[in-house]
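Enquirer: Each chain, written out:
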Amino acid sequence: MRLLYSFIETAVENTDAVILAAAALASGLAMIGGLGPGVGQGLAAGQGAHSVGRNNKKRGEITMVMLLGSAVAETSGIFSLVVALILLYANPLLGREGASLVLFGSVIGSGLSMIAGIGPGIGQGYAAGKGTEATGRRPGEQSSIMRVMLLGQAVGQTTGIYALIISLILLFAAPLL
Amino acid sequence: MNELVPRVIFVIPGIEIKVTETVVITWVIMAVLTVFAMISTRNLKKKPGKIQNAAELIVEYTEWLVDNTMGSGFKGFAPYIGTLSLYLLLANTAGVFPGLRSPSSDLNTPAALALISFLVIHYYGFYEKGTIGYVRSFFAPVPLLFPMNLIGELAFPVSLGFRLFGNMVGALVILELIYSAAPALAPVIPHIYFDLFAGLIQAFIFAMLTMTYLSLAVD
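Each protein sequence line maps, in turn, to chains A and B. With the numbering used here applied, the first sequence corresponds to residues 12 to 188, in that order. With the numbering used here applied, the second sequence corresponds to residues 11 to 229, in that order.
In short, the hints are calculated from the structure, not lab data. Check each hint, because a few of them may be wrong.
Using C-beta positions, here's what the derived DEER-type ranges look like [to be verified]:
| # | chain 1 | residue 1 | chain 2 | residue 2 | range |
| --- | --- | --- | --- | --- | --- |
| 1 | A | G39 | B | I25 | 42 to 48 Å |
| 2 | B | V45 | A | D27 | 49 to 55 Å |
| 3 | A | F183 | B | F156 | 25 to 31 Å |
| 4 | B | T141 | A | N66 | 22 to 28 Å |
| 5 | B | I25 | A | L15 | 54 to 60 Å |
| 6 | B | N159 | A | L14 | 49 to 55 Å |
| 7 | B | N63 | A | G71 | 22 to 28 Å |
| 8 | B | F207 | A | A32 | 36 to 42 Å |
Cβ coordinates follow ideal geometry from the N, Cα and C atoms, glycine included.
With the sequences and hints as input, model every part of the structure.
Expert: This is how it looks when you write it as C-alpha cells:
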C-alpha cells in the first residue's frame, strides 16, 4: 500500500517520469509485434527448403521469390522497431503538459497498437511460402506469381498500417491531451 | 543517442537552411553516377571497352527486369526504374564506408522516393485510363468499397517509405550498439549483413514494388 502510495505520488509530481516509465513498457510491448514476421518468415523458409528439395535446378528462382516475400513479411517487425525507437530516443510527449494518467495511457497505447503486426507478419509469410512453392512447381511463371504475391502482401499490410497510424497519432498528435 | 538524426554539416548563411549529412552524401552519389554516365558513354564503339561494357550491362539488365516483371509495353519506364535502383543501391550501401551515414536512414529520403513513385503510378494510371476510368477505378468492384480503395492507395507510399527507412535506421542503431559494446571486435560481418545484404535487398524490393504497382495501375 505504501509502495502504491509513493508510486502515485511520483506520478502526480513528475509527469516526465511517468512518460519515461510508460515508454520503457511500451517499447517492449511494441516489439511483441515481431512474433508475426518470425512465424511468417519461418513458413516461407520452410516452403523454400521444401521446393528446392523437389526442384534443385531452379534454386535461383525459388530463393529470389522466398527472399522478396520474406522481406515484405518483415515490414510489421520494422514498423514495431520504428515505434520502439521513437519511444526510446525521440519521444515527442516528453515535456508535454497534461494529466499524467492520459500521458501514460497514450504512450502505452502507442506500443500496444503495434502488436497488431502479428497478423500481417504471419499472413504475408504464408503468402511468401505459397509463392515460393508455386515457383518451385512452375518456375516459368515466376514473374506473374511474384506480382500476385507482392500485390496480395501489400493489401495484407493494411491493418498493420492502421496500427502504425494510430500509434503515431497517439504520440505526435496526442488528441486525448 | 544522436544517431537517429543526421548531423548538420553547414548552414547556408542568410536563409538559414541547414544542410545535413543526408543531402551532402546524396550530392556525392549524384556526382558519382553522373561522372560514370558521362565517362561510360563518351565515344561509344562497336566493340565496347570495359567501362562501356559495364554501362551496357546495367542498361540491358534493367530493361530485362522491367520486361520480365511488368510485361511487354512498359520499356519506357526502364530509365526511371534504372535511376531509382542505381541511386538506392549506392544510398543503401553507403554505410559500409567508415564515417558515412546512409541517406536512406533519414526519413526524408525514403519519403521523397516513395512520393515520386506514388505520383508516377497515379499519373500513369490517369494517363492510361482517362479521367472517367481513373475515377471509376476507385469505385471498383462496388461503390461501397471506395473508402477501402482510397486507404489502400494511400497506404502504398507509407509502407514503401517506412519499410526502407525502418530497415536502414534499424541497421544503423544495431551497428551503433555493436560499436559501443564491442569496438575491439571488428564488426565486419555485421557491416556486410546490415549494410550490403540488407541494403541491396531493400533497394531491389523498392524497385520491384514500384514496378508491380505501375503494371497494376492500368489493370
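Enquirer: With reference to the structure, classify each hint as holding or not holding.
Expert: Right, here's what the structure says about each hint:
no.	hint	result
1	G39/A <-> I25/B: 42 to 48 Å	holds, 43 Å
2	V45/B <-> D27/A: 49 to 55 Å	holds, 51 Å
3	F183/A <-> F156/B: 25 to 31 Å	holds, 28 Å
4	T141/B <-> N66/A: 22 to 28 Å	violated, 47 Å
5	I25/B <-> L15/A: 54 to 60 Å	holds, 55 Å
6	N159/B <-> L14/A: 49 to 55 Å	holds, 53 Å
7	N63/B <-> G71/A: 22 to 28 Å	holds, 23 Å
8	F207/B <-> A32/A: 36 to 42 Å	holds, 37 Å
Taken one by one, the earlier hints fail for this structure only at number 4.
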